[in-house]
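Colleague: Could you put together the complete structure from these sequences and hints?
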Amino acid sequence: QKEVEQNSGPLSVPEGAIASLNCTYSDRGSQSFFWYRQYSGKSPELIMFIYSNGDKEDGRFTAQLNKASQYVSLLIRDSQPSDSATYLCAVAYSGGGADGLTFGKGTHLIIQP
Amino acid sequence: GAVVSQHPSRVICKSGTSVKIECRSLDFQATTMFWYRQFPKQSLMLMATSNEGSKATYEQGVEKDKFLINHASLTLSTLTVTSAHPEDSSFYICSAGVLGFTSTDTQYFGPGTRLTVL
Numbered sequence: 001q002k003e004v005e006q007n008s009g010p011l012s013v014p015e016g017a018i019a020s021l022n023c024t025y026s027d028r029g030s031q032s033f034f035w036y037r038q039y040s041g042k043s044p045e046l047i048m049f050i051y052s053n054g055d056k057e058d059g060r061f062t063a064q065l066n067k068a069s070q071y072v073s074l075l076i077r078d079s080q081p082s083d084s085a086t087y088l089c090a091v092a093y094s095g096g097g098a099d100g101l102t103f104g105k106g107t108h109l110i111i112q113p
Numbered sequence: 114g115a116v117v118s119q120h121p122s123r124v125i126c127k128s129g130t131s132v133k134i135e136c137r138s139l140d141f142q143a144t145t146m147f148w149y150r151q152f153p154k155q156s157l158m159l160m161a162t163s164n165e166g167s168k169a170t171y172e173q174g175v176e177k178d179k180f181l182i183n184h185a186s187l188t189l190s191t192l193t194v195t196s197a198h199p200e201d202s203s204f205y206i207c208s209a210g211v212l213g214f215t216s217t218d219t220q221y222f223g224p225g226t227r228l229t230v231l
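Those protein sequence lines, which keep their order, are chains A and V. Quick note on our numbering: the first sequence kicks off at 1 and runs consecutively. Quick note on our numbering: the second sequence kicks off at 114 and runs consecutively.
Just so you know, the hints here were simulated from the structure itself, not pulled from any lab data. Using N, Cα and C, we set each Cβ at its ideal position, and we do this for glycine too. Fair warning: there could be bad hints in the mix.
As the list claims (entries may be wrong) - So the derived list for chain V, only partly shown, Cβ under 10 Å to chain A, looks like this:
hint, residue
1, F147
2, M158
3, T162
4, E165
5, F222
6, G225
7, T229
Stated by the list, open to error - List time: in silico DSS-like cross-link candidates among lysine-lysine, alpha-carbon distance up to 27 Å:
hint, chain 1, residue 1, chain 2, residue 2
8, A, K67, A, K2
9, V, K154, A, K105
10, V, K168, V, K179
11, V, K179, A, K42
12, A, K105, V, K177
13, A, K2, V, K127
14, A, K105, A, K2
15, V, K127, A, K42
16, A, K67, A, K56
To be verified - Simulated DEER-style distance windows between Cβ atoms:
hint, chain 1, residue 1, chain 2, residue 2, range
17, A, P113, V, P199, 39 to 49 Å
18, V, E135, A, G16, 34 to 44 Å
19, A, D55, V, K168, 37 to 47 Å
Modeller: So, in structure tokens, the structure goes:
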């Protein structure tokens with residue numbers, strides 16, 4: 001049984017600070033890792049994906065992957081109130097385009113103005 | 114690019130009726146389409162995976178005779194909830210998988226369909 005674990009939060013971060021979101025997964029054979037943002041009542045929106053160990057940066061977002069520890073994280077720099085949402089970590093056994101995703105329950109992030 | 118549409122966005126129906134949900138990839142051809150379901154305050158759960166022209170692969174616990182999936186083309190997949198009951202009320206979201214679209218594999222989600230069965 002593939003499992004993806006996230007702290008449900010809420011995680012409260014002051015505006016302008018760095019928000020750090022964490023995720024662990026159980027299937028050591030997982031190859032693809034994704035972060036999605038979901039606003040209430042809406043469908044998920046892809047933020048980033050990462051396949052290799054290390055860091056991947058895209059604008060204010062940095063994804064970090066450590067396959068040995070089965071750990072994925074997302075850092076959001078210069079947090080804005082519009083970043084307030086639920087962040088979903090998702091994992092695929094192979095490529096994300098051909099494989100269904102296993103999602104965590106999400107972390108509710110609140111950016112305080 | 115990578116836009117996925119769903120129709121309808123919201124549907125309310127009586128118990129026992131069937132509901133069809135359409136999922137379209139608008140500006141690309143999707144190798145694979147996926148159907149997810151999300152109950153309130155829960156995460157997305159994969160229901161089934163479908164490839165164009167093939168039978169869908171259903172996740173454990175998902176009734177294939179109740180949730181009929183047709184994937185007629187590389188841009189269209191449909192999910193029909195047959196004989197819907199109140200416990201089927203949920204947020205149904207499709208996604209389209211792309212191989213090599215942006216030099217790697219990923220999938221993009223439609224806006225979702227909120228089904229309420231009375």
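Colleague: Decide, hint by hint, whether the structure agrees.
Modeller: Here is what the structure says about each hint:
1. The interface hint given for V:F147 holds, since its Cβ lies 5 Å from the closest Cβ of chain A, which is under the 10 Å cut-off.
2. With a least beta-carbon distance of about 8 Å to chain A, the hint placing V:M158 at the interface is held under the 10 Å criterion.
3. Hint on V:T162 holds. Least Cβ distance to chain A is approximately 5 Å, under the 10 Å limit.
4. The closest approach between the C-beta of V:E165 and any C-beta of chain A is roughly 13 Å, which is over the 10 Å cut-off, so the hint fails.
5. Satisfaction of the interface hint for V:F222 is found here, the shortest Cβ-Cβ separation to chain A being roughly 5 Å, below the 10 Å cut-off.
6. Here the hint on V:G225 is kept, as its CB sits about 4 Å from the closest CB of chain A, short of 10 Å.
7. Interface restraint check: V:T229 against chain A, minimum CB-CB distance 13 Å, threshold 10 Å, status violated.
8. Among the hinted pairs, A:K67 with A:K2 is consistent with the structure: their alpha-carbon atoms are about 15 Å apart, no more than 27 Å.
9. Distance restraint check for V:K154 and A:K105: the Cα-Cα separation of roughly 8 Å lies within the 27 Å cut-off, and the hinted pair is therefore satisfied.
10. For the hint pairing V:K168 with V:K179, the CA-to-CA distance comes to about 14 Å; that is within 27 Å, so the pair holds.
11. With a C-alpha separation of about 25 Å, the suggested pairing of V:K179 with A:K42 holds against the 27 Å cut-off.
12. Simply put, A:K105 and V:K177 have alpha-carbon atoms about 25 Å apart, close enough for the 27 Å limit, and the pair holds.
13. Between A:K2 and V:K127 the CA atoms are separated by roughly 35 Å; this puts the pair beyond 27 Å, and the hint is violated.
14. Our distance criterion of 27 Å between C-alpha atoms is met by A:K105 and A:K2, whose separation comes to about 13 Å.
15. Taking the CA atoms of V:K127 and A:K42, the gap is about 24 Å. The hint holds against a cut of 27 Å.
16. This hinted pair checks out: A:K67 and A:K56 have alpha carbons roughly 14 Å apart, not beyond 27 Å.
17. The beta-carbon spacing between A:P113 and V:P199, approximately 40 Å, falls within the hinted interval of 39 to 49 Å.
18. Roughly 43 Å separates the CB atoms of V:E135 and A:G16, a value that falls within the hinted 34 to 44 Å.
19. For A:D55 paired with V:K168, a C-beta distance near 41 Å keeps the hint of 37 to 47 Å intact.
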